[in-house]
Amino acid sequence: MNTLIKQDLFEELLESAHSGFENSRSEAKTSYLVQGLPAPKAEEYKFTGITKKLEQTFPQLSSAQPFEVSAETVKSAVFEGFSGDILVFTNGKFQPSLSTIIDGLEVSLLSEKPETPIGSIAKPGKDAFCALNQATFEDGIFISVPKKTQIEKPILLLSFNKENAGSVIQPRVWIEVGDFAELTFIDQSINLSESPYFINKVVEIKGAHNSHVHYYRLQHEGKNAFEVSTIETDIQKDSKFASVTISLSGEMIRNNLSLNILGGNSEGNMYGLYLLNGKTHMDNHTNVDHTVPHAESNELYKGILDDQSRGVFNGKIFVRQDAQKTNAFQQNNNILLSEDATVNTKPQLEIWADDVKCSHGCTTGQLDEEALFYLQARGIGKDQARGFLLYAFAGEVLEHIEEESFRTFCTELVQARLGSKL
Amino acid sequence: MLSIKNLHASIEGTPILRGINLEVKAGEVHAIMGPNGSGKSTLASVLAGREEYEVTEGEVIFKGKNLLELAPEDRAREGVFLAFQYPVEIPGVSSTNFLRTAVNQVREYRGQEPLDAVKFLTMMKEKMKLVEIDQKLLSRSLNEGFSGGEKKRNEIFQMAMLEPTLSILDETDSGLDIDALRIVSNGVNQLKSDKTATIVVTHYQRLLDYIVPDFVHVLYKGRIVKSGTKELAMELEEKGYDWIKEAVDSEATV
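Keeping their order, the protein sequence lines are chains A and B.
First residue of the first sequence: 0, per numbering that gives the first Met the number 0; consecutive thereafter.
First residue of the second sequence: 0, per numbering that gives the first Met the number 0; consecutive thereafter.
One chain only, chain B, in its complex shape (with noise of 0.2 angstroms):
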């Protein structure tokens, strides 16, 4: 499904990733650890496509087209899904009307029938159940004044509501307590099949207890260093990152 192969890309000149290469299949959960500044956010940025990061090589496939030339938009409409890991508020933009108009974009792009106001309210209702999420929040402006794990929750709602087949989570863990993680976890493994596939980028092992990853990739210094099971992570967990940056900073004053 998503095939990438030497990525490079830098921001203000600076280079983040340098060659990373990964292959997702459908129905796979892949987890991106790496300690703080080794470029795990840059790497869904750059999938999303914002605009900030420049690529500078290397090419991204997904589901046979090259990702990287479509616009963020596009992007999404075609299946990719970003969870940010800080959902932007925006105040005087209503949560149903941005919701709605997202969908139905989707869905125009998708060759779809728009959704009319009954159809998506139905569908909303379903998909709010997913992530125990306040219909009272949703007749606010869109994630203004939300705590941090209502904010995370929407996320996860905005994901079920507008079905990707690749969804990128970004740090989606991070300020969230135990019953918040759950939930979101919960809603993650929910919206999970054999079609869709999902990239948890993730500091900490906590969340993988909860949304299982059949592969865990350590980046560092914008490269994956080590991949593995979920087995990678527990011994993360337990020892840190450090032995992990030895062996790798040793290899290259070799």
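One chain only, chain A, in its complex shape (with noise of 0.2 angstroms):
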């Protein structure tokens, strides 16, 4: 155990004072000092051996500032076709002056709502970054849609990230959404340097009864970026939670997806995309957690790996005891184009009701050769027959993705990406 090195790499980071949250953090403290970033060999974080990459990469880790970007920088950096309301982030500090003002929403900085309970939906606990942006996060932001309320148009949480030598950026995100409200976020962050820098992100969000959350998030990160974020739910009765995650760059990405349906007649879907090449590894990690009868859960993780570029996929479900009648679906595929790419793929399903279904599958494999023959059989050239063949595959995730502006967009990217332009 190198836990005392662990413990450096962080250390100035805990010593420094952050006002607020005193119990939260106190506790989250103890607790990351407890378990230590993950050891080499820890279950959870076998294929990601992210630990030892921040070692090698940040001698030492500090809180990164927020800087200024002009609205200008903000208006170039949205999407085409994009329409609705915009809250920016600078290294993950909320920027009031550029957002917009959405009519029916509260939001602030997580600093003047002192009684927010964080980390009692993503425990610090569970997980030692989580905890770690827990004990040490600069500010966060506090957003509460009010029961009743739709917000018709997405909400864009933009976020630009700029990395002076050995700074961790810790996004932290409350977001409660009340009786029968419904929402969708785009959660898209622009990288402004090339030099290496590390996103510790914590998101939480509390559906009430019947609400309605799209998250949707594209991770485009720059090549040196090492990312962990933690984005987790809980929902009520009723209640729908859909989350699409995009993820086309990064040096080392681990994505903590965890849903906890907590009331009947729920339904939470989560779709990922990662096209990957160079070096990248990418981690998807999810967890369903089954309390309550009568929900549904449907997970759809695709990839199409090239070059050295590595996946992970971890699909946790639970269904409890009490969750009699669930549906709980879960599939990941996988297309590798290099010899190089590997993909590590582990379903992880714990059923102890015994009237349920449930099914999990997972693929890896090379393109389809013979239908790549047919269509070049039919005239159409190599290249585009192979992207042909991949954006098909990559379409099927990206068609949950109601947001026809995003939708839009991502499929523009992955398009360009995989040589498919119709």
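Each hint should be verified, as a subset may be incorrect.
Take a look, some chain B residues computed to stay more than 10 angstroms from chain A by CB distance [claimed, not checked]:
hint, residue
1, 23
2, 63
3, 86
Taking lysine to aspartate or glutamate pairs in the EDC-like style, the calculated list, with each CA pair at most 20 angstroms apart, reads [stated by the list, open to error]:
hint, chain 1, residue 1, chain 2, residue 2
4, B, 150, A, 369
5, A, 381, B, 176
6, A, 381, B, 88
7, A, 161, A, 138
8, B, 150, A, 367
9, A, 381, B, 51
10, A, 381, B, 68
11, A, 381, B, 248
Some residues of chain B that are not near chain A, with every Cβ distance over 10 angstroms (derived) [what the hints assert, rightly or not]:
hint, residue
12, 26
13, 56
14, 114
15, 248
None of these hints come from the bench; they were simulated from the model.
Just so it is clear, CB atoms sit at the ideal spot from N, CA and C, and this is done for glycine as well.
Two chains, two frames, a set of hints: combine them into the complex.
Here is the structure:
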């Protein structure tokens, strides 16, 4: 165990004082010190040796400072076709002056809401990075949607990251969605520097009865980016949570996405698409906890891996003893385009109830040569035929993005990447 | 139009074709028959450029060009069309997008202007009638969930769209009921002209009642062992392949 070294890495962070949430922070600090960063053999990080990578890349890490961006920079960063409100962050810090005011939505700095029960959904004891964030984040954002509020246009969470050597960006987001409220988030980050940076992000979403939340995410990080993100959601009865995570680049990315279904007649859907090349390492850990009867969850993660990239998928589904009549489905499919690309995929279902429908499946293979030949035999050039097939594979995830402008934007990015422009 | 000389091909080191010679002229219909495993489908695949097969000897000249040197897509663009024995289902690729890309890439190669959306749809509607294919099928993913007959009709529809000079039908009749067989044959017959040629690969004579061949060749153990006219097909239907096998095998042992 090299716990001491690991503690050193974030020593300065842990010592620097941050005001507010004293109890939560101190609990998280204790939890972090007990856990330490994941050791090389730690089960949850078995395939993702991020501790070592961080130690190698960053001799010391301090808290990243927010910086100024101009309104023009913000404007030019927003994808074409987007219409809706924008919340801007720089190095994880919310920038109210650059953000737009949303009718019917309460938005403030987390420090202005000291009663917020941070850490009650994404519990610090479960993961050291989550604990670290809770112990040391500078300030976060609080978003509350009052009951019966339908925000029709999506809300863009636009994060600008600019790294000065050796600092950690720690966004902290708390979202409360009232009864019968509905909204869509698009979480996108823009990287303004090429040097290595580390994002350690925590988002907690609390969905009340009959709430409907869509959470779309585009990870288009710099090729020297390290990221661990924890996004955890609680939903009550008659609710729906749907996430689509599109991951296109980064050096080493770990996504912990969790959903706790706490009320019946609810539905949770998690979709993911990762297109990896170079040496990108992308790890998606999902966790769906069915605690009550009559709920459904669907998961579909697909990956296309080239060069020496590595993908990890670990899908946990818990069906508790009370959660009868649960339907839970999980699927992970991968296409490897190179001999050196690898995928580690692991479904992990723990079922305690006896009247449920659960299934999981994973496939890893090469591009279908027969299909490729079929397209070529019709006069379509090999590269385009390949692009066609890869895009067809990826499209199954993209079609779950219900927000049209964002779907179009992602589709173009994916098509450009796969060389399948029609 | 097509000249095959002493063609040898093998798959994973096992020789399948052992010296095929065949001349096909514009306006002709050739039927290639033979028992299972005789190399019929291999011949069709080698002509279309399937990579698993290795050509070890011989040459194939198509319209003056060495066909074997061309990539599969360039063979298609030159005018070779293979109607697959097992058309591939490709989920997520829309039939219409696929066809439009194919048609326009072929047109580009032939130095023709690409078709715009309107012209393309007009052409599609016209060709759809030929094979009595339902518009609904074409709004789906390519061949996905199609019945056997629908897949084969879609092959002929694609053939109509791509306007090939040499069409190779690889057991297009297998698994078709009589109505589907009639529709498919009708399509093929309407696309025939004195400038195009057709090679029909089949196990059964039944198809040849509808697509009448000028020549019938029997393939056995990777060689054409007998050639004749449509009467040969009738004879095969009546007597089976055993008499040919016996004749060839006894010759081989002598």
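Practice prompt. Kindly indicate which numbered hints from before are broken by the structure, ordering the numbers from low to high.
Written response: The structure breaks hints 3, 5, 11; every other hint is satisfied.
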